[in-house]
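Protein sequence lines correspond, in order, to chains A and B.
Heads up: the first sequence begins at 1 in the numbering used here, then just goes up one per residue.
Heads up: the second sequence begins at 1 in the numbering used here, then just goes up one per residue.
FYI, nobody ran anything at the bench for these hints, they're computed from the structure.
Honestly, I wouldn't trust all of these hints.
Calculated cross-link-like contacts (lysine-lysine; reagent style DSS-like; alpha-carbon spacing at most 27 angstroms) [what the hints assert, rightly or not]:
#: 1; chain 1: A; residue 1: Lys113; chain 2: B; residue 2: Lys121
#: 2; chain 1: A; residue 1: Lys113; chain 2: A; residue 2: Lys58
#: 3; chain 1: A; residue 1: Lys77; chain 2: B; residue 2: Lys216
#: 4; chain 1: B; residue 1: Lys214; chain 2: A; residue 2: Lys117
#: 5; chain 1: A; residue 1: Lys117; chain 2: A; residue 2: Lys85
#: 6; chain 1: A; residue 1: Lys134; chain 2: B; residue 2: Lys159
#: 7; chain 1: B; residue 1: Lys121; chain 2: B; residue 2: Lys216
#: 8; chain 1: A; residue 1: Lys58; chain 2: B; residue 2: Lys121
#: 9; chain 1: B; residue 1: Lys206; chain 2: A; residue 2: Lys117
#: 10; chain 1: B; residue 1: Lys216; chain 2: A; residue 2: Lys134
#: 11; chain 1: A; residue 1: Lys58; chain 2: B; residue 2: Lys216
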Amino acid sequence: MADKTPILRIENMTKRYGDKEVLKDASLSINKGELKVLIGPSGGGKSTFLQCINFLVKPDRGRLWLDGREIIRARKKEIYGYRQKVGMIFQDFNLFDHLTALRNVRIALVRVKGMNKDEAQDRAIRELDRVGLKSYMHQYPAELSGGQKQRVSIARALAMDPEIMLLDEPTSALDPELISEVLDVIRDVRSDGMTMIMSTHQIGFASEMADEFVFLEDGFIVETGPPEKILYKAQYARTREFCSKITELYGNSF
Amino acid sequence: MMESLIILYGALPYLLRGSLVTIAVVVGAMLLGLVVGICIAAGQVYGGKWLRRIIGVYIWFFRGVPLLVLLFLFYFGLCSLLNINLSAFTVSIIVLGLITSAYQSQIFRGAIMSLPEGQLKAAHALGMSDRKAVMLIVLPQALRLSIPGWSNEYSIVLKDSAVTYALGVAEIMARAHFVASRTYEQLPMYFAAGIIFLILTYLGTKGLRILENKVKIPGYSS
Numbered sequence: 001m002a003d004k005t006p007i008l009r010i011e012n013m014t015k016r017y018g019d020k021e022v023l024k025d026a027s028l029s030i031n032k033g034e035l036k037v038l039i040g041p042s043g044g045g046k047s048t049f050l051q052c053i054n055f056l057v058k059p060d061r062g063r064l065w066l067d068g069r070e071i072i073r074a075r076k077k078e079i080y081g082y083r084q085k086v087g088m089i090f091q092d093f094n095l096f097d098h099l100t101a102l103r104n105v106r107i108a109l110v111r112v113k114g115m116n117k118d119e120a121q122d123r124a125i126r127e128l129d130r131v132g133l134k135s136y137m138h139q140y141p142a143e144l145s146g147g148q149k150q151r152v153s154i155a156r157a158l159a160m161d162p163e164i165m166l167l168d169e170p171t172s173a174l175d176p177e178l179i180s181e182v183l184d185v186i187r188d189v190r191s192d193g194m195t196m197i198m199s200t201h202q203i204g205f206a207s208e209m210a211d212e213f214v215f216l217e218d219g220f221i222v223e224t225g226p227p228e229k230i231l232y233k234a235q236y237a238r239t240r241e242f243c244s245k246i247t248e249l250y251g252n253s254f
Numbered sequence: 001m002m003e004s005l006i007i008l009y010g011a012l013p014y015l016l017r018g019s020l021v022t023i024a025v026v027v028g029a030m031l032l033g034l035v036v037g038i039c040i041a042a043g044q045v046y047g048g049k050w051l052r053r054i055i056g057v058y059i060w061f062f063r064g065v066p067l068l069v070l071l072f073l074f075y076f077g078l079c080s081l082l083n084i085n086l087s088a089f090t091v092s093i094i095v096l097g098l099i100t101s102a103y104q105s106q107i108f109r110g111a112i113m114s115l116p117e118g119q120l121k122a123a124h125a126l127g128m129s130d131r132k133a134v135m136l137i138v139l140p141q142a143l144r145l146s147i148p149g150w151s152n153e154y155s156i157v158l159k160d161s162a163v164t165y166a167l168g169v170a171e172i173m174a175r176a177h178f179v180a181s182r183t184y185e186q187l188p189m190y191f192a193a194g195i196i197f198l199i200l201t202y203l204g205t206k207g208l209r210i211l212e213n214k215v216k217i218p219g220y221s222s
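With the hints as constraints, model all of the structure from the sequences given.
Okay, here's the thing in structure tokens:
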């Protein structure tokens, strides 16, 4: 399955808001083609961790390597380049409201990657087609459903040819009947071999797809392991307690 | 009565040429205010502590000192102090422009802050620099939201432009005053001046309303 080259490595990432440490010495390493799923209670640090990984939130401490090269946060240009290789999917989509679906996908290709307009246009259409929204390409975000918006945002991230994708609760803001269309797209992207770190409460979906679960609580990575181990044979009581609650809610998967 | 109308009729082309001067002053001032106002708003939202403090003083100054005082200060004071030779017309555009920039900046600032923060995050996540994110994502939306406030500001600057008559700018008010004092037809002249201002207010706000509808983002009710 996944080839075992470490693609992203994070060491001792820490984030403090005032006195409160919301992320404490989080370390994680992911190989090419792997999917790691962050689970844990809301406010446990999942979202902060993901946003620290591409420096949308500035970590107070911690080091990070992509493809074995350390990313130095003080160098702005380096951060801009690094972010192009790290696709980000947000809980509330964050599409650009004043642009059509097509232009949402195209804008960074032209204005960040410097691709020429026609080439970018073709690429954007191809990515929208991939998420099943080619016929919606001239619609504005306000004219799309939540599920469609999230699929556009996935197309927007994929168009940049990222090496890894970060998904921050991609289905949490969706009506239940719209969740599956987004999960289907994520499944497709995953089966094309994309490396991903995703936080989610969709435990059934996650355990079917993930190589590893990472349980985060109070900013700590409490425990890491294969999904079935974390869900049913976790080492720590807190992990077991959370997992039994969440499987009760979202159903068993094994 | 008949005589008044004939004089008014004769003076009308003269007054209307004045309205071209008024329009030039107002358009110049509004555009200067737009450019400076956007910079100020961006500085206030994204700038550091010191920049925000300096901007605070700027806004306080241009909102606090009366227009007439600023016109005299710049035209008779600063220009001769610095030994620069600017026409009353140019000084009027600069002064009105700087004043409206202070007000416009607050329209833009409100619009920028009303945008969902997530879009800026998404722009950064795609590798955009701060400048690109603001230019490509924030401003196009903030400016759309600013049109109603800007239209209000336009009607204020239009009316304020009459004060530049004090520097001798040959705009509507100056010309109405000139004819009135020559012919003693005060009522019809100032009445005509008022009507011209009303028409210009109407045309400007109507035009901006059309623009607002034209650039409205589909699917949004506002």
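Hint by hint, here is what the structure shows:
1. Pair hint A/Lys113 plus B/Lys121 holds up; C-alpha atoms about 18 angstroms apart against a cutoff of 27 angstroms.
2. Only pairs whose Cα atoms come within 27 angstroms are accepted, and A/Lys113 paired with A/Lys58 is accepted, the gap being roughly 24 angstroms.
3. The straight-line distance between the Cα atoms of A/Lys77 and B/Lys216 is roughly 35 angstroms, outside the 27 angstroms bound, and the hint therefore fails.
4. Proximity of B/Lys214 to A/Lys117 is assessed by CA-CA distance (about 25 angstroms); at most 27 angstroms being required, the pair is judged to hold.
5. Between A/Lys117 and A/Lys85, the direct Cα distance comes to roughly 21 angstroms. Compliance with the 27 angstroms bound is thereby established for this hinted pair.
6. About 51 angstroms separates the Cα atoms of A/Lys134 and B/Lys159, which puts this hinted pair outside 27 angstroms; it is violated.
7. Of the supplied pair hints, the one linking B/Lys121 and B/Lys216 holds, its CA atoms being roughly 23 angstroms apart against a limit of 27 angstroms.
8. Only pairs whose Cα atoms come within 27 angstroms are accepted, and A/Lys58 paired with B/Lys121 is accepted, the gap being roughly 12 angstroms.
9. A threshold of 27 angstroms between alpha carbons decides the hint, and for B/Lys206 with A/Lys117 the separation of about 36 angstroms lies outside it, so the pair is violated.
10. With a C-alpha separation of about 24 angstroms, the suggested pair B/Lys216 and A/Lys134 falls inside the 27 angstroms cut-off, and the hint holds.
11. Distance check on the hinted pair: A/Lys58 and B/Lys216 sit about 35 angstroms apart at the alpha-carbon level, beyond 27 angstroms; violated.
Hint compliance for this structure: hints 3, 6, 9 and 11 are broken, all remaining hints hold.
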